[in-house]
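**Student:** Listed below are the residues making up each chain.
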Amino acid sequence: MNDIVYASATRIAQAIRHKEISAEEVVQAHLDRIGQVNGALNAVVQLCADRAVSEAKAADEALARGDSVGPLHGVPMTLKDSLDTEGIISTGGTKGRESFVPSEDSVVAARLRAAGAILLGKTNTPEFTLAGETDNLIYGRTNNPYNRDRIPGGSSGGAAAIIASGGSPLDMGSDTGGSIRMPAHFCGIAGLKPNTGRVPRTGHIVPYGMGAVDALTQNGPMARYVEDLALTLPIISGPDWRDPAIVPMRLRDPADVSMEGLRIAMHTDNGIKTPTPETQEAVRSAARALEDMGAVLEEVTPDALEMIPDITPNLNGGDGRAWVRRLLDRAGTTEISPFLQNRFDSAEPISTERFSQTLELLDQYRSRMLGFMEDYDAILCPTAAIAACPHGETWSDENKSAFTYTGAYNMTGWPGAVVRGGTSLDGMPIGVQAVSRPWREDVALAIASRLESALGGWQKPEL
Amino acid sequence: MDEINYASAKTIAQAIRDKEVSAVEVVEAHLQRIDEVNPKLNAVVHLAADRALSEAREADAATARGESKGPLHGVPMTVKDSHDAEGLVSTGGTKGRENFVPDRDATTVARMRAAGAIVLGKTNTPELTLAFETDNLIYGRTNNPYGLDRTPGGSSGGAGAIIASGGSPLDLGTDTGGSVRVPAGFCGIAGLKPTSGRVPRTGHIISHSLGATDALTTVGPMARYVEDLILVYPIIAGPDGEDPAIVPMPVDDPANIDLKSLRVAWFTDVGDVTSTAEIASATQSAADALTDAGASLTEDMPSAILRATGTSLLTADGGAGVRRILDKAGTTEMHPWVGRFVEGTDPLPVGEYSALLEEIDAFRSNMLGFMENYDAILLPVRPFPAPPHGKSMTPEFSPGNTFTSSFNTTGWPGAVVRAGTSPEGLPIGVQFIARPWHEDVSLALAAVVESALGGWQMPSI
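Those protein sequences? They're chains Z and H, same order as listed. Residues in the first sequence are numbered consecutively from 1, following my numbering. Residues in the second sequence are numbered consecutively from 1001, following my numbering.
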């Protein structure tokens, strides 16, 4: 049963339900795998092995009794350390919370556990999730399983690294500018940023209630297989009566989406940063695969993307990052990580008049993008301009605009799914991104699923 | 056919469909009524009589051929002057647009016309819709049909006044702080502010894409009868491909609401802002009517409402957002009611401004927590009836703003219906606030109270 650590969560859940394998065996196999790889990765930063084994035994007993069980009954998972987990240290990567043990689960954690999932431990995040690499003053740096000298990406880098390596089938990332999709891309797994308003942020270190930047942040699933994103999205979605941005919009089933006649706008260059040739080729091969399935591809870049460089710095830094300062104060953090210090150093406060105008520009960007989408069901594009770079290089002048491919859709609020679609010259995974119309996660997931079948998706790292 | 002026839009549409009356007769009757009452009211500020008659003749010809444009085929309506109307001067109450003739309809106007409605004219609004009374430098002041020395409320005061008087069965109001609900309340008609994200603002003077204040503004129907709100609201709801805030949420039918399952919180006072005895009593009567219909009523108030901060957003940036709208309109001379937003207000420091946006989210979260236990809230539209002209923005009356503006900040739906009469003979309106996206609940409750307490009553104008 070695291959259980490479199976999908969907398959694991089925095997446990059919008693082909016990939850305890599954949990133990994953704890063993974490033990093997985590020394090299530093991805899992808190383990709750005893609780996990005890919950697994209880899960097996429930099945033996014939109790009705949830869709994730007995399935192990890890959770990004930016999510509160009851009884388990939850730092959000910030010193002020180095020893913080929440008394209740974040809504996402609670819903997954109620569906039967068993938490193995917490995965590493940069401070407050606000970086494209995964390193912090508490737990240090996480490495990429395909090359330890490279970043796993961020901010859900611990999640991506441990999932790619078979230490966990499932994690919940969060994505304010690409923090689910970029690590999924850098580590060759699948990830979904749901639509703005889909999943409550209650109990996340960057919670609901963030005002100007509130709509940017989403929680969403990460897994090796697209089917697991589709399995978990309904479990974590819907109002919790605390996060005021959540809309009770019904979810549709990706299985009902046909590629036949689906209109997809494809671009390989957003006009801000030209991707590597292999990145562009991965998008082109994805486009050809979808065309073979009957989709109608058109190479066209939304004009409105040109607005991004004018909006992003003012939206995130225009208030001098007072919003980050408030997060720090709330966490009780005084010593901050170099990544976050860089954020403060690079912020240029603007006048209140320009700040309120920036919020209008963001809306105008959203309106223009919506107009573009009137003719298309989806956009196929790179996730980032580069594959995983060496540690510490995401802030370089050369790379800093390489990550605008994801932020474009935090600004629109639309769903975006990533799946591996290629490999760089030096052997690093390359993910392609499928973005759909608002509230149509089903379309983004259906495209990602078809691309996974056509292009192979996740591949096992030599670790 | 005099009573056609006091019929519901739904009845009118049916009568036209059944050829009991022609669209031309209906339009003529309404134009005639506007002629009778408008000199006293100054509610309709631009008439499109010729076009309306021509469209009515086309509608009758289509009916004769067995064709229909839609559920409002041949039904007359007026349109608040803050909406662009193709071919008709559309000022938004601001001098820079005194002669502005749009070349396309606002999304909501286009949808109403596509459904068969015929635009009679435009109704008055204060400049940029930003006041709770209706007066501007272009067209002057609108009066309340139940007391000409009283305000009809604002900003959809022209709509409220002309509908109450039988000059129009329908109008499209807009509501940033109460601008559908307040004139509906003061003029004794019905009105609906839909959930934020329901109805596109494309082509409205306070349009989409307004950043921090964007979610406050919604477009909603006004009519004498709740059944007309129910008829019109699905016609104007849904994405238009331009307004990025609009959510493609399905619209549910109020007819499917089981009143016995509804838990309704109700209150009449917000802290020391207390309702008049008659308004408290009208609210009590509405609560009793809902109890009689099987709903569970509890006297309870969300405590967060005492700390509502929403409308301070308009001045928090020193009025820069309002100034940008004025600049876009080309307005240099402004009404004092708009001046109060842009003159002499210093912006908050930018870090405090972003903190204010977070406070507003916290307010929304606290209010949402209250709604976990209730399906709806019943409260007065204002703790007082229509004030004399010029008083609404004074310290005597402005504390009442929170009764409506709190629910622009939450973004929830609110329907208004008349529930009583003040000692001066002025209408008293109550509102039914529901959970987000549950206009069906607001409308179902409003229909019960309309039926129990009588709703709109004819003014002696």
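In case anyone wonders, no lab produced these hints; they're calculated from the structure. A couple of the hints might just be wrong.
What the simulated footprint calls covered on chain Z by chain H, stretch by stretch (three residues with Cβ under 8 Å from a Cβ of chain H suffice, anywhere in the stretch; the number is not a length) [to be verified]:
| hint | segment |
| --- | --- |
| 1 | 179-187 |
| 2 | 205-212 |
| 3 | 247-253 |
| 4 | 317-326 |
| 5 | 352-359 |
Selected chain Z positions facing chain H (Cβ under 8 Å, derived; list incomplete) [unchecked claim]:
| hint | residue |
| --- | --- |
| 6 | I138 |
| 7 | D243 |
| 8 | P244 |
| 9 | D269 |
| 10 | P349 |
| 11 | E374 |
Just so you know, these numbers come straight off a predicted model, no measurement behind them. Where is the CB? At the ideal position from N, CA and C, for every residue including glycine.
**Student:** Next, verify each hint and record whether it holds.
**Tutor:** Hint-by-hint comparison with the structure:
Beta-carbon proximity to chain H at under 8 Å applies to 0 residues in the segment 179-187 of chain Z; the threshold of 3 is not reached and the given coverage is violated. With 5 residues bearing a CB less than 8 Å from a CB of chain H, the segment 205-212 of chain Z meets the requirement of three and the coverage assertion stands. Only residues whose beta carbon comes within less than 8 Å of a beta carbon in chain H count, and the segment 247-253 of chain Z has 4; three or more means the coverage holds. Only when three residues or more bring their CB closer than 8 Å to a CB of chain H does the claim for the segment 317-326 of chain Z stand; here the count is 7, and the claim holds.
Coverage of a stretch by a chain is defined here by at least three residues with a beta carbon nearer than 8 Å to that chain's beta carbons; for the segment 352-359 of chain Z and chain H the count is 7, and the condition holds. Look at I138/Z: its Cβ only gets to about 26 Å from chain H, farther than 8 Å, so that hint breaks. Annotation: interface hint on D243/Z holds; nearest CB of chain H at approximately 7 Å, less than 8 Å. For P244/Z, the suggested interface contact is upheld, since its CB lies about 4 Å from the closest CB of chain H, less than 8 Å.
The beta carbon of D269/Z comes no nearer than 25 Å to any beta carbon in chain H, farther than 8 Å, and the hint placing it at the interface is violated. Because the beta carbon of P349/Z sits about 6 Å from the nearest beta carbon in chain H, less than 8 Å, this interface hint is met. The closest approach between the C-beta of E374/Z and any C-beta of chain H is roughly 5 Å, which is under the 8 Å cut-off, so the hint is satisfied.
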